[in-house]
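Chemist: Sequence:
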Amino acid sequence: MFMVLVVVVNGGEIGLWLAAFMAVFTLVHELGHAFAARATGARAEIALDFMAGYAAFTPTRHLSRWERAGISFAGPAVQIVVGGALYLALQGGFVWPTQGQHLEIAVLWAGPVIGVFNLLPVIPFDGGTILEQLVSAITPKHARRFMIWWTMLLVGAGLVFTVLHPSWRPYTIFVLIPLFSVLQMTGIRRGVNPR
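Just remember that my numbering sits 169 ahead of the position in the sequence shown, which is counted from 1.
Derived by calculation from the structure, the hints in this document are not laboratory data.
All C-beta atoms in this analysis are idealised placements derived from N, C-alpha and C, irrespective of residue type, glycine included.
Errors might be hidden in some of the hints.
[Said to hold, decoys possible] Quick list of simulated restraints, FRET-style, between CB atoms:
(1) Phe315 / Gln353: 16 to 22 Å
(2) Trp265 / Trp235: 33 to 39 Å
(3) Thr267 / Arg338: 23 to 29 Å
(4) Ser233 / Thr341: 34 to 40 Å
(5) Val282 / Phe204: 18 to 24 Å
(6) Pro228 / Leu303: 18 to 24 Å
(7) Arg207 / His334: 42 to 48 Å
Just need the whole structure built from these sequences, with the hints factored in.
Modeler: Shown next as structure tokens:
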């Protein structure tokens, strides 16, 4: 369903290529998490859902914060590397794609760009999980609360930026994704049914 939405919003050939590569790179991303988790001895599985994929793992031993951060980093890292290599192979070097290069634009956005976006240090992205592991090394009891407030602060700043800069307004939805996640998490913690 989400891929159909991607095609409809982007239209034509570019929408088809973008949907296809988003599906491929979502799988690559989640496999990166799963293989990294298995390298620690954990049991891992992946699921591909409506808007994204999800890798779940069950440790067979205590994992250090650095191992957990490494598992979180593995997904976007593999997505960036594989996407970047494919893009370079298609372009023959790093040149920003022009308007007619639908395949190249789709590979660039679905691979490296979304991979880097996922490293933003906010919940629910992998960058947020990595930062939470670092914060928990300093203050384990308050790491989740810190991440919720940190995410809300950055989302607020992002909203102000997108509202004040008209050329960035179309990206407001991407700024709101972490906010929806935080609101859902805080609703669950307070015993509110998030449905």
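Chemist: It remains to establish, for every hint, whether it holds in the given structure.
Modeler: Verification of the supplied hints:
1. Phe315 / Gln353: 16 to 22 Å: 18 Å, holds
2. Trp265 / Trp235: 33 to 39 Å: 35 Å, holds
3. Thr267 / Arg338: 23 to 29 Å: 24 Å, holds
4. Ser233 / Thr341: 34 to 40 Å: Taking Cβ atoms as reference, Ser233 and Thr341 lie about 38 Å apart, which means the hint holds.
5. Val282 / Phe204: 18 to 24 Å: Given about 23 Å between the Cβ atoms, the range holds.
6. Pro228 / Leu303: 18 to 24 Å: 19 Å, holds
7. Arg207 / His334: 42 to 48 Å: 43 Å, holds
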